[in-house]
Amino acid sequence: MAKSARPRAANPRSSAPKPAAVAASVPDVSAALSSPVEDDATFALRSLQQAHANNKRYDASDAELLKFYEQMVLIRRFEEKAGQLYGLGLIGGFCHLYIGQEAVAVGLQSALNEGHDSVITGYRDHGHMLAYGIDPKVIMAELTGRGAGISRGKGGSMHMFSTEHKFYGGHGIVGAQVSLGAGLAFAHKYREDGGVCMAYFGDGAANQGQVYETFNMAALWKLPIVFVVENNGYAMGTAVKRGSAETHFYRRGTAFRIPGMPVNGMDVLEVRQAAEVALEYVRGGNGPVLMELNTYRYRGHSMSDPAKYRSREEVQEMRDKHDPIEGAKQELLKRGVSEDAIKDIDKKIRQQVAQAADFAESSPEPDMAELYTDVLVETY
Amino acid sequence: MSRRMTMIEAINDALDVTMGRDPAVVIMGEDVGYFGGVFRATAGLQKKYGKTRVFDTPISECGIIGVAVGMGAYGLRPVPEIQFADYIYPGLDQLVSEAARLRYRSAGEFIAPLTVRSPFGGGIFGGQTHSQSPEALFTHVAGLKTVIPSNPHDAKGLLIAAIEDNDPVIFFEPKRIYNGPFTGAYDRPVEPWNKHADSEVPEGYYTVPLGKARVVREGEAVTVLAYGTMVHVAHAVCLDKGVDAEVIDLRTLVPLDIETIRASVRKTGRCMIVHEATRTGGFGAELSALVQEHCFYDLEVPIERVTGFDTPYPHSLEWAYFPGAVRIGEALDRISKD
Ligand SMILES: Cc1ncc(C[n+]2csc(CCOP(=O)(O)OP(=O)(O)O)c2C)c(N)n1
Ligand SMILES: [Mg+2]
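Protein sequence lines correspond, in order, to chains A and B.
Just add 2 to the spot in the first sequence (first one is 1) and you have my numbering.
Just add 6 to the spot in the second sequence (first one is 1) and you have my numbering.
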């Protein structure tokens, strides 16, 4: 069996992974031959899941956990502020908030190398940008459609980019970014820069045909890409079970021999640990991984959402019992991190978000000439 | 008997009427069933007709349209909704290579009598992925019909006609005027439909035939060709400026009512075309060519086109982009000069 087909259980702490840890589950070759179900591919498909199950949560230092907490709080406060500005009419059109899903972007992207590994997502993109260290000011100013916005007011909430941070958007067409992600991964491989692409999409987007064309190509060409389904239970008003025949999204790569991992997306440490496992596999040149991050959006799909498709109780239950920020906070307190240290972070973030909002409100609209620029390479 | 309706209500009523008359009619699309559509166009229909006739689909536009083509070939009359026209592109292959060609390549044996409903157009701060007007992509495809209503009365009658039609029809609904006509006065509150004469919608069954334009206002000075939202915008500008324009609402782009256009331009000798879509290769270009071919010797001045700019739909500066009163007014001034 080729070495690359045999993923190892990741152990982020030791540089040399222990093959012994998984040896027990390696079927012997003759058994694999006689039983097609138990062949090496089956092993590979499940091995990451198993590796993660063996070691579920990332062993973060206090400083790391504080950082995760800070990033999640930043996303939440930023989104709350965006919601307010929308209510005041300062943000127009479509705006999709990430509240409730913070642990996904923060946990996964903390394992990436910002500015080196590429990230691409759909229209619910503010959180991924903030998790990649992009300045909240220019994000907020894009939401308000100002010239100082990161896309100079051309893209709006759904369409934002940063080459510096290797953040490739921000895409309004459901599912389209997945193929683009494979292209980014291809380029990483082609240029031998060691980077991987993390391509996010929703449970609803997972039903676009192009996703599966992409899975096949990514697996065929062993592209360095982590596909991330953010399963927040709903695609607009459609609950997962009403739109998807296979609701376990992490299994959807099986037909393409892409190993899958279901992950609790409400626990930042579990997310981070899963990322370690996935990234070791992908960085090892083994091709793509498909992660399903089970999460929940607290707010409506976009700003105008009558929310008739779910009960208040359901939302409240998630907020009360599974909130990723509250969870991280409790963990910090349990570790003996002082309440004051946490409060300081909260205060700092509030200021940062207030500044972003001021900036977004006070910056001027784009110049009229901007209407005609950036359409083609020449201006006409 | 008739009653005042919004455009959304009229569309909903058309669907209800056709479903009641013909068990072959089925409605499908993203959030159209349980939820009743993001714009409420299909509200209440699943409750009334059940889940086999009104159903939700996954987010799979290519699949939605492809499946609808197959249903049509086997005798159903599917009415898929594409939630925004901007999302129709994944389904374009099925529309162009299958729906539009099935009749021709089977020498009439198989047809694709689907009606793809889709909200289109801007004016709602939707930016580039919720504002487009891609009608010219479809008028360019032989084998498709393209229909665009501008008011509740026509929306209902045209939609019933489209569903009954035995060809694939792209039915673009100008979303900006779903709940009230829009004259381009974006800084004023929306005027509700019930103040507008064309919101008087007959009850029950009737059709507005495909391929028949409507003269909204008779006039002598200039012929204004428009469809959808721009009928209202252009009409308002003409009234404001006191231009005795003949305003024609095309209603269907394919098949096109060239007779009505020709008769009008022969009378006025001047023609202005208004659409929201981008200019190059837009439907206005086709109209301009046709008017030139049919009315060359009647034209006193060059044809004017007022269109969107050749750029994606912007997120900011929407009203600078939108071909509203200023640009239409300037074109009217130019064309009215002797
Ligand atoms: C091709 C396409 N079809 C439909 C839409 C409309 N739309 C926008 S978001 C959305 C739901 C997507 O749900 P999901 O993928 O689960 O992501 P979530 O919003 O939950 O983050 C739909 C149907 C679109 N933007 N693009
Ligand atoms: Mg979702």
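A couple of the hints might just be wrong.
[Claimed, not checked] DSSO-like, lysine-lysine: derived pairs with alpha carbons at most 30 Å apart:
1) B:53 <-> A:243
2) A:310 <-> A:69
3) B:218 <-> A:310
4) B:57 <-> A:310
5) A:350 <-> A:69
6) A:310 <-> A:58
7) A:350 <-> A:83
8) A:139 <-> A:336
9) B:218 <-> B:201
10) A:310 <-> A:243
11) A:349 <-> A:336
12) B:54 <-> A:243
13) A:331 <-> A:345
14) A:310 <-> B:247
15) A:139 <-> A:69
16) B:201 <-> B:247
17) A:58 <-> A:224
18) B:57 <-> A:243
Because the hints were derived from the structure by calculation, they are not lab data.
Handout entry: Pair hint residue 349 of chain A and residue 336 of chain A, alpha-carbon separation not exceeding 30 Å
Key = Between residue 349 of chain A and residue 336 of chain A the Cα gap is close to 21 Å, so the pair holds against 30 Å.
Practice task
Below or equal to 30 Å on CA atoms is what counts here, so check residue 310 of chain A against residue 247 of chain B.
Solution key: 47 Å, violated
Exercise for the section: Quickly compare the C-alpha distance for residue 350 of chain A and residue 83 of chain A to 30 Å and report which way the hint goes. Expected result: 15 Å, holds
Practice task
With a cut-off of 30 Å on the C-alpha distance, tell me whether residue 350 of chain A and residue 69 of chain A pass.
Solution key: 13 Å, holds
Handout entry: Agreement of residue 58 of chain A and residue 224 of chain A with the hint, judged by alpha carbon distance not exceeding 30 Å
Key = Judged against 30 Å, a Cα distance of about 26 Å means the pair holds.
Problem - Satisfaction of hint between residue 243 of chain A and residue 54 of chain B, Cα-Cα up to 30 Å - result: Given that 30 Å is the threshold and the Cα spacing comes to 23 Å, the pair holds.
Problem - Restraint status (C-alpha distance of residue 310 of chain A to residue 69 of chain A at most 30 Å) - result: 36 Å, violated
Handout entry: Satisfaction of hint between residue 336 of chain A and residue 139 of chain A, Cα-Cα up to 30 Å
Key = The hint is violated at about 34 Å.
Problem - Satisfaction of hint between residue 345 of chain A and residue 331 of chain A, Cα-Cα up to 30 Å - result: 10 Å, holds
Practice task
Quickly compare the C-alpha distance for residue 310 of chain A and residue 58 of chain A to 30 Å and report which way the hint goes.
Solution key: 35 Å, violated
Exercise for the section: For the pair we were handed, residue 218 of chain B and residue 310 of chain A, check the Cα-Cα distance against 30 Å. Expected result: Between residue 218 of chain B and residue 310 of chain A the Cα gap is close to 41 Å, so the pair fails against 30 Å, i.e. violated.
Exercise for the section: With a cut-off of 30 Å on the C-alpha distance, tell me whether residue 53 of chain B and residue 243 of chain A pass. Expected result: 20 Å, holds
When held up to the earlier numbered hints, the structure conflicts with 2, 3, 6, 8 and 14 and fits the remainder.
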